[in-house]
Structure formats: structure tokens, C-alpha cells
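Protein chains in written order, with my numbering: chain Z, 1 to 269; chain U, 270 to 649.
If you're looking for bench data, these hints aren't it; they were derived computationally from the structure.
Heads up, a few of these hints could be off.
Not everything, but these chain Z residues come out facing chain U in the computed CB check (under 8 Å) [to be verified]:
#1 L38
#2 K87
#3 R88
#4 T93
#5 H96
#6 Y103
#7 H120
#8 Y195
#9 S197
#10 L200
#11 E208
#12 E230
#13 Y234
#14 H238
A few chain Z residues facing chain U, derived, Cβ under 8 Å [said to hold, decoys possible]:
#15 A46
#16 E90
#17 I91
#18 S109
#19 Y113
#20 H148
#21 R151
#22 H186
#23 S202
#24 F227
#25 A228
Cβ pair distances, simulated, as ranges [what the hints assert, rightly or not]:
#26 U/Q560 with Z/S202: 15 to 23 Å
#27 U/L480 with Z/D102: 55 to 63 Å
#28 U/A564 with Z/Q251: 32 to 40 Å
#29 Z/S202 with U/A541: 13 to 21 Å
#30 U/A603 with Z/R175: 37 to 45 Å
#31 U/A603 with Z/P24: 56 to 64 Å
#32 Z/K87 with U/A603: 51 to 59 Å
#33 Z/P41 with U/K369: 52 to 60 Å
#34 Z/D198 with U/R566: 47 to 55 Å
#35 U/A564 with Z/R175: 23 to 31 Å
For glycine and all other residues, C-beta sits at the position ideal for the given N, C-alpha and C.
So the chains spell out like this:
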Amino acid sequence: MIRSLAAAALLCACTAAADAQDLPIFDAHIHYSHDAVLQVPPDQVAKILREAGIKKALVSSSDDDGTQKLKAAAPEIVVPALRPYRKRGEISTWMHDPTVIDYLEDRLSAFDYEAIGEFHAYGDDIGTDVIQRMIALARERDLLLHHHGDREALDLIFASWPEARVLWAHSGFARPDEVTEALSAHPGLWSDLAYRSDMLGSDGLDPEWAAAFTAFPDRFMVGTDTFAPERWYYVASHADYSREWLALLPQDIARKIAFENAEAMLAAE
Amino acid sequence: MIRRTLGRLCLLVGLMLVSAAQAEVLLSEDEIARALSHGPWPPAFEPDPSNRVSGLPAAIALGEGLFSDPVLSRDGTMACASCHDPAHGFAEPRARANGKVLLDRNALALVNLPAHRWFGWSGDTDNLWAQSLTPIVNADEMDQDAAGLKQALVTSRWADDYAAVFGPPAGQDADDVLVNIAKALAAFQETLVTGPTSFDRFRDALEAGDLATAALYPEAAQRGLKIFLGRGNCALCHTGPAFTNGEFHDAGVPYFITETRVDTGRHGGLEALKASPYTLAGPYSDDPEQQGAWAVRQVRPLHSDFGTFRVPGLRGAARTAPYMHDGSLADLRAVVRHYNTIDMERLHADGEAILAPLGLSATEADDLVQFLRSLSDDQP
Ligand SMILES: [Zn+2]
Chain Z
1 MIRSLAAAAL
11 LCACTAAADA
21 QDLPIFDAHI
31 HYSHDAVLQV
41 PPDQVAKILR
51 EAGIKKALVS
61 SSDDDGTQKL
71 KAAAPEIVVP
81 ALRPYRKRGE
91 ISTWMHDPTV
101 IDYLEDRLSA
111 FDYEAIGEFH
121 AYGDDIGTDV
131 IQRMIALARE
141 RDLLLHHHGD
151 REALDLIFAS
161 WPEARVLWAH
171 SGFARPDEVT
181 EALSAHPGLW
191 SDLAYRSDML
201 GSDGLDPEWA
211 AAFTAFPDRF
221 MVGTDTFAPE
231 RWYYVASHAD
241 YSREWLALLP
251 QDIARKIAFE
261 NAEAMLAAE
Chain U
270 MIRRTLGRLC
280 LLVGLMLVSA
290 AQAEVLLSED
300 EIARALSHGP
310 WPPAFEPDPS
320 NRVSGLPAAI
330 ALGEGLFSDP
340 VLSRDGTMAC
350 ASCHDPAHGF
360 AEPRARANGK
370 VLLDRNALAL
380 VNLPAHRWFG
390 WSGDTDNLWA
400 QSLTPIVNAD
410 EMDQDAAGLK
420 QALVTSRWAD
430 DYAAVFGPPA
440 GQDADDVLVN
450 IAKALAAFQE
460 TLVTGPTSFD
470 RFRDALEAGD
480 LATAALYPEA
490 AQRGLKIFLG
500 RGNCALCHTG
510 PAFTNGEFHD
520 AGVPYFITET
530 RVDTGRHGGL
540 EALKASPYTL
550 AGPYSDDPEQ
560 QGAWAVRQVR
570 PLHSDFGTFR
580 VPGLRGAART
590 APYMHDGSLA
600 DLRAVVRHYN
610 TIDMERLHAD
620 GEAILAPLGL
630 SATEADDLVQ
640 FLRSLSDDQP
């Protein structure tokens with residue numbers, strides 16, 4: 001009896017490990033910006049993504065050229081998002097720059113996108129003409145918004161466009177209870193966990209995060225955030241890290257966070 | 270001839286006194302309080318509890334001898350001092366160290382080591398003897414193994430000195446001999462402490478309320494210090510008496526090694542640490558209480574680890590150009606230029622929020638360099 005239990009336990013461990021290895025991943029937070037394009041060519045990036053088992057990736061780049069180049073190299077993986085920046089350095093000034101709108105309109109008429117973002121906006125930044133116009137552009141085309149910023153800004157986005165679908169980058173670097181609160185307040189909100197490592201503590205899955213994942217199994221997703229060119233070489237390690245902590249969750253929730261939630265978010269009406 | 274030089278010297282000293290009398294302390298109360306946190310220096314010696322020969326004169330002497338002796342390398346061509354040159358502040362002038370092959374990193378200066386909790390640019394180890402063992406067995410460096418090392422030791426001129434400290438090697442396990450040798454090397458390196466500098470005389474005078482003596486510290490260095498403490502935010506990472514918080518940060522230095530390979534920094538360092546048998550929590554530590562072992566037990570990987578490097582101490586740094594983990598910056602002026610024009614495109618928006626281009630004028634940049642130099646004008 002004892003022996004067969006042990007064998008069963010072993011079997012479980014094995015299947016879990018095998019599953020973990022080919023658990024498909026939707027990386028919801030990828031950038032391929034101008035400096036990366038020069039240093040890690042598109043074919044190399046496509047190879048990195050494929051070898052890491054990243055089946056799909058929400059890609060936004062400053063400038064957008066990187067996304068288009070990567071889409072050409074890995075069309076089956078890249079889900080294009082349009083960033084309102086031509087350089088990453090515009091992170092804190094773009095909402096005061098009306099030429100951003102011209103840039104967005106040009107790109108939106110030339111290429112297909114599933115989302116606008118990732119953009120940085122805090123508090124009443126959302127009230128600026130540029131951001132309001134950007135939200136209107138997204139609304140006309142029913143595009144997802146990938147927002148990096150605080151809860152106040154998030155609420156203001158939904159106030160401007162109540163039917164919006166918003167992906168909250170890094171879940172606002174908020175605590176798990178704050179994230180769940182935002183998720184219950186806004187049914188059109190999803191949470192990316194990019195650049196956060198607090199899900200995994202020294203004793204396994206953090207209990208507060210575990211509670212959040214159980215309460216909202218359909219709303220979380222993972223992402224690497226390739227903010228510097230070198231970070232492309234982190235994509236595979238990041239995928240493994242995600243598989244490691246996801247393996248501590250029930251399998252159906254793990255598959256949702258790893259892949260399915262991002263697909264469902266993009267398909268949502 | 271001699272007399273004329275002497276006369277000129279007197280004149281010079283006279284001038285210095287006059288200008289000293291006019292000089293003043295430029296720091297505010299708050300800046301003085303923060304300047305005090307960078308001393309006193311040097312710290313009192315405290316033996317490393319994980320190393321039973323730490324502070325033992327015979328072990329220090331043995332370590333000093335071994336440090337410069339190529340007998341530790343398999344082919345007898347490479348010593349610790351080959352890359353850690355005492356005449357270059359125990360670092361070396363080349364950008365990246367050359368072992369059997371070109372290594373990925375700049376050789377760290379071996380001074381003020383007890384100030385650290387983690388060793389190497391990426392903290393592969395949590396103690397000095399483990400870090401000293403690494404190059405001996407690394408195939409790209411001294412390429413030895415425990416058995417080969419024991420054999421080399423027994424037939425070397427260090428055999429008796431070793432026996433006097435650790436007992437006769439003949440009956441000892443080769444792994445223990447390797448660790449013992451590393452502990453003797455560590456005992457020696459612990460003694461490599463930089464001396465008090467003009468900054469310390471300034472700082473100590475401020476603490477004593479002796480403004481006249483404090484005012485002898487050049488005004489350019491004082492202005493540089495003000496930038497270091499204030500606008501530059503330097504002191505947020507380069508903290509305390511050794512000018513390092515001992516942790517890992519992204520200072521905006523690119524970390525490609527080749528076009529298709531990067532230095533993963535702390536990310537890889539943590540993997541090495543977790544796999545090492547030579548940590549403070551492992552069986553080779555001599556400390557029954559395992560002080561400090563909590564750190565290796567508790568440290569967890571973070572996504573922000575990737576491409577971060579340990580904050581170097583700045584004492585003695587003027588002697589150890591070039592700078593940064595890959596030796597990519599040729600001199601202190603280039604380091605200041607790096608921070609002055611730091612590439613925000615490289616940093617995560619929520620990462621090192623304290624780094625931003627400083628916009629220092631040429632004079633201000635010079636002042637900051639003068640301050641940094643004032644941390645190295647001790648007599649080594
Ligand atoms: Zn991002």
C-alpha cells in the first residue's frame with residue numbers, strides 16, 4: 001500500500017514535470033525596440049521564442065518597426081500591439097505630445113493591431129487630449145489597451161470608455177489583494193504579471209497570490225518584459241520560471257494563466 | 270639646485286596655507302550628517318567565523334605566499350597575482366581578465382573584502398574562501414582539481430607552512446586540502462584594507478566639529494561630494510564606509526559579451542550560489558552557529574536580477590582602472606560621463622528609478638572625479 005502510494009506520487013511528479021516542459025506560453029509583455037532590433041536580429045528573436053515554447057506573444061515596440069519586423073519573422077507567434085512611442089525615452093512625456101496621435105493614426109491605417117500599448121500613464125494623465133484621443137482610436141477599432149500605471153489611471157480609463165478591455169501591465173505593481181479588488185471592480189480588466197517575482201516565496205506559492213489566482217482564474221497572464229536588448233536572452237529562463245510556479249497550481253488554472261487567458265482576452269467582445 | 274627647489278617648496282606651502290585659511294566647509298548640516306555615514310575608516314578587524322584560520326598570522330603568511338605562487342595552477346603558469354596585481358590595487362589594467370581563454374569579466378580589486386556579503390560581480394559565493402577556491406578549479410583559469418592541488422602542495426615549498434596551520438596534508442582528504450588552501454588565501458586577502466584618505470580626514474574633522482581641519486579638504490572634492498550625496502544619487506547604492514550596499518543593481522551598463530551571448534549577472538550568480546557546496550550553510554563552514562547563512566537560505570531569484578551586478582566599493586578605485594564588470598570604461602572620467610548621460614532606454618521604468626542623466630557641467634564632472642579620487646589618496 002505504502003509502496004504503491006509512493007509510486008503514484010512519483011508518477012504524479014513525472015507527469016507534472018513533463019507537462020511543465022511543454023506547457024505552452026502566451027507571453028503577454030514583449031517589446032522589440034529599436035536598439036534590440038539592431039543587436040538581436042528578428043530571426044534570432046524568432047528562434048529564441050520558438051525554443052522557449054512561447055506559442056504567442058503580445059508585442060509592442062518603440063518604435064513600431066520592431067513589431068512589424070518580428071511579425072514577419074514569426075507570424076504564428078506575434079500578436080501586434082501599437083505603442084505610442086517612437087523611442088522608449090518618451091515614456092513620461094508622450095501624453096503631452098500631439099504628434100503622437102499622427103503617429104498612431106499613420107500606423108493604424110497601415111498595419112493590423114490587436115491592442116494599443118503598452119503605454120505609461122498615471123492619475124489624471126488619462127484626461128490629457130492625447131490619451132483621450134488614443135482611447136477614442138482604440139474604441140473605433142475595438143482594440144485592447146495595455147496600460148502601465150496606477151489604479152487611479154486605470155479607473156479613469158474605464159470612466160472614459162466603460163466597455164474597454166484593459167490589460168494591466170505588471171498589475172500595477174500592486175499587492176495581490178489590490179489587484180483582485182481592481183479585477184472585481186472592472187470586468188473588462190486582465191492582469192499581467194510581468195517583472196514580478198513575488199508569486200513565488202521561499203515556501204512555494206505566495207498564499208495571497210494563490211488566493212487571487214483561485215478567485216480570478218480567467219484573468220491573469222505572464223510576461224517577460226524585454227525592456228533592454230540583452231533581456232531577449234532571459235525569455236527562456238523566464239518561461240521556465242513561469243512553468244515552475246505554475247506547476248504549483250491546479251493544472252487547469254496553470255494552463256489558463258500560461259496561455260488560455262490571453263487568447264480569451266483577445267477574443268473577448 | 271636643491272636649495273632652489275626647497276625655496277619653491279616653501280613658497281608653495283605658504284600659498285597652500287593662505288588658501289586653506291580662506292577655504293571653508295561647503296556642506297549643509299544635512300549633507301554633513303550623510304557624509305558621516307561613509308566612515309569611520311578603516312573598520313576594526315573581525316575574524317570570519319566561517320574560516321577558523323581567519324586572522325591567524327601563520328595562515329595569513331601562508332596565504333600571502335600562495336597568492337603569488339603559480340604552484341596553485343595545474344600547468345604552473347598562473348598565480349592569483351597574475352590577474353590581481355598588487356601594483357594595480359589588486360586588480361589589473363586589462364578590461365577583461367585573461368585565463369586559459371579571455372574571461373567574461375574585469376578582475377575585481379581585492380581590497381576591503383570583509384565589507385561584502387556576496388562575492389564576485391554576480392555573487393556566485395557568500396564567503397571569501399569559497400570565492401578564492403573558484404579560480405583554482407575553474408577550467409578557464411587555474412584548471413586544478415583537488416587531487417592535483419594536494420599533490421602540488423605536498424611537493425612545494427609550502428608543505429611545512431601548510432602543516433603548521435592545518436596539520437600534515439598527507440592524511441587529509443583532497444577536498445579538505447583545497448578548502449584549507451582557500452581559507453589561507455582568504456585570511457591573507459582579509460588584511461588588504463585601504464588606508465584613511467583625505468576624505469576620511471575631512472569626515473573625521475566634521476565629526477569632531479573641527480571645521481578648520483575639515484576646510485583643508487579641497488573645495489572641488491567637497492563640491493563633488495555634494496553631487497555624490499545629492500543630485501547624483503550615487504550614495505543610494507554606494508553606501509556606508511566602503512561605499513557599497515553590497516547588493517546587485519542595474520547601473521545601465523550594457524551586458525552583451527558577444528553578439529549572441531550576454532552576462533546574466535546576478536541571475537546566473539544566484540544559480541551558481543544555490544548549487545555550491547561551499548556556502549555558509551554548507552558543510553565546509555567552520556562556524557557551528559552558521560552566522561550569516563540565513564542570506565543564502567532566504568535569497569530568491571527575481572526577474573530584476575538579470576543583468577545586474579554587485580555595487581563595487583569605491584575606496585582605492587582610482588588605482589584600479591578600467592571600470593565596470595566588463596572593464597568597458599577606461600577611467601573615472603568615463604564613469605562619470607556614463608552616469609551623466611545614462612541611457613534611460615536601457616532601464617526599466619520601475620527598476621532603478623533613481624538613475625537619470627545628471628546633466629553635469631564639465632566643471633561639475635571634474636568635481637565629482639576629484640571627490641572619487643579623494644577616496645584613493647591613501648598610501649597603499
Ligand atoms: Zn513594459
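A quick look at each hint next to the structure:
| no. | hint | in the structure |
| --- | --- | --- |
| 1 | L38 | 11 Å, violated |
| 2 | K87 | 7 Å, holds |
| 3 | R88 | 4 Å, holds |
| 4 | T93 | 11 Å, violated |
| 5 | H96 | 17 Å, violated |
| 6 | Y103 | 18 Å, violated |
| 7 | H120 | 6 Å, holds |
| 8 | Y195 | 5 Å, holds |
| 9 | S197 | 4 Å, holds |
| 10 | L200 | 7 Å, holds |
| 11 | E208 | 16 Å, violated |
| 12 | E230 | 4 Å, holds |
| 13 | Y234 | 5 Å, holds |
| 14 | H238 | 7 Å, holds |
| 15 | A46 | 14 Å, violated |
| 16 | E90 | 10 Å, violated |
| 17 | I91 | 6 Å, holds |
| 18 | S109 | 27 Å, violated |
| 19 | Y113 | 22 Å, violated |
| 20 | H148 | 7 Å, holds |
| 21 | R151 | 15 Å, violated |
| 22 | H186 | 22 Å, violated |
| 23 | S202 | 6 Å, holds |
| 24 | F227 | 5 Å, holds |
| 25 | A228 | 5 Å, holds |
| 26 | U/Q560 with Z/S202: 15 to 23 Å | 19 Å, holds |
| 27 | U/L480 with Z/D102: 55 to 63 Å | 60 Å, holds |
| 28 | U/A564 with Z/Q251: 32 to 40 Å | 35 Å, holds |
| 29 | Z/S202 with U/A541: 13 to 21 Å | 19 Å, holds |
| 30 | U/A603 with Z/R175: 37 to 45 Å | 42 Å, holds |
| 31 | U/A603 with Z/P24: 56 to 64 Å | 46 Å, violated |
| 32 | Z/K87 with U/A603: 51 to 59 Å | 24 Å, violated |
| 33 | Z/P41 with U/K369: 52 to 60 Å | 31 Å, violated |
| 34 | Z/D198 with U/R566: 47 to 55 Å | 18 Å, violated |
| 35 | U/A564 with Z/R175: 23 to 31 Å | 25 Å, holds |
Taken one by one, the earlier hints fail for this structure at numbers 1, 4, 5, 6, 11, 15, 16, 18, 19, 21, 22, 31, 32, 33 and 34, listed in ascending order.
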